[in-house]
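Asker: Use the sequences and the hints to build the structure in full.
2 protein chains.
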Amino acid sequence: MARLPIYLRALQALQDRGILTVSSEHLASAAGVNSAKLRKDLSHLGSYGTRGVGYEVEYLVYQISRELGLTQDWAVAIVGIGNLGRALANYGGFGTRGFRIAALLDADPAMVGQSVASLDVRHIDNLEAVVRSEGVSIGVITTPAAAAQGVATRFVEAGVASILNFAPVVLNVPDGVDVRKVDLSIELQILAFHAQRRADGDGRNAERAGLELT
Amino acid sequence: MARLPIYLRALQALQDRGILTVSSEHLASAAGVNSAKLRKDLSHLGSYGTRGVGYEVEYLVYQISRELGLTQDWAVAIVGIGNLGRALANYGGFGTRGFRIAALLDADPAMVGQSVASLDVRHIDNLEAVVRSEGVSIGVITTPAAAAQGVATRFVEAGVASILNFAPVVLNVPDGVDVRKVDLSIELQILAFHAQRRADGDGRNAERAGLELT
DNA sequence: ACGTGTGAACACATTCACAGCT
DNA sequence: AGCTGTGAATGTGTTCACACGT
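Chains A and B, in that order, are what the protein sequence lines are.
Mapped onto our numbering, the consecutive letters of the first sequence carry residue numbers 1 to 214.
Mapped onto our numbering, the consecutive letters of the second sequence carry residue numbers 1 to 214.
Think of the hints as simulated: they come from the structure by calculation, not from any bench.
It is possible that some hints are incorrect.
You can't tell identical chains apart in this list, so a pair holds if it fits in one copy or across any two.
Unchecked claim - Mimicking SDA-like on lysine to any residue, the simulated pairs with C-alpha atoms at most 25 angstroms apart in a straight line are:
1) 40 <-> 197
2) 40 <-> 185
3) 181 <-> 50
4) 37 <-> 109
5) 40 <-> 82
6) 181 <-> 25
Please read these numbers as outputs of a predicted model, since none were measured by experiment.
Answerer: Okay, structure coming up:
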């Protein structure tokens, strides 16, 4: 379930504060969901709570980590070392738990050989070799839109079945390959959509109020 | 609906190729969805298609843009000019349609005054003033986790009701405020989850095959 | 004939409400 | 007494399949 990472983060925050046990009510509010949903989500992993008491934080952290596959390390390759690629490479959050940035690749010869986040940027021609030698299982695409599909295809053919795509294109991949997409301008457009609906509503209300006053 | 931006992008690509009319089947495959879903989504905006023919690309682009509120310009403020904030500031995709980066803010005095993407970074103390003077309606938070809630609260109190949050925390905001969250390590964790399920399945299959072979 | 628009069937997620354990 | 785990009810989103307009 897509909410497990959020629960995990909330639990780790509790753990850092030395809290040993937590009720579904508390954890749910920390994660921004309702308590029935949280209990149903957790019950999918098994019965890890104690009735009348709640959940043991440490045990639950371990169970969720295991369910998410964070007890093993995943090697990640980033292709496209522009502003965003650099930002990801330097983002400390990955290394902390379960993920290791194994390689940075770029098509631009001027980029190749530069050092980013204490890794040498290598030429994209080495993609297949790097995937094999580093055991890369997750590919991150931060290239321009035009290059993304080609990179995705190469990842897939090299055996990478998990792709995180930041390029604003719909990737075509075979069944069994998992693509997640992060699209910044789509997020903004969705915000604009809601903002406009709010504004429209205000307008209608104002108009209605005006009519009532006349 | 959250898929309209994807349709819009696909339509604009068709438009660039000089294509005037498109069927739900074609557009759906370009957007990576099924055609019934696309028709139902579009029917929510009104009856903009012609039976037996399809949709007129240009007209549909206009209707979706209008629905999304992209016919007006939205001023965006980015708080937290680290690697990610800089990447967003430099990302050209925003300016193209409907969004204008109106201000960059940071709490670090060493950062203030620097020029990023031809904008001067200003101190966070100016948040309220900038929101008012630039008419900011969308706030982007790329600060460390610890600072995010404070920034969000200041945005809300300044009248910003749309927030795009990159910090790995659940923001607490009043009803009526729209928060969207982009969390890179959550995306990776979800990929790891599926990757592990694949691996487990392979393992079981391998084991089963092994058993069958013995 | 072709492709949209849409009721009806379906699948899935959320919420309610409470039995049952501690 | 308190809180989990879960059947039942509800809501939401997806898919099917076809009547209807062009």
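Asker: Hint by hint, say whether it matches the structure.
Answerer: We went through each hint and held it up to the structure:
no.	hint	verdict
1	40 <-> 197	between (33 angstroms within a copy, 20 angstroms between copies)
2	40 <-> 185	between (33 angstroms within a copy, 24 angstroms between copies)
3	181 <-> 50	neither (38 angstroms within a copy, 32 angstroms between copies)
4	37 <-> 109	neither (50 angstroms within a copy, 43 angstroms between copies)
5	40 <-> 82	neither (41 angstroms within a copy, 38 angstroms between copies)
6	181 <-> 25	between (31 angstroms within a copy, 22 angstroms between copies)
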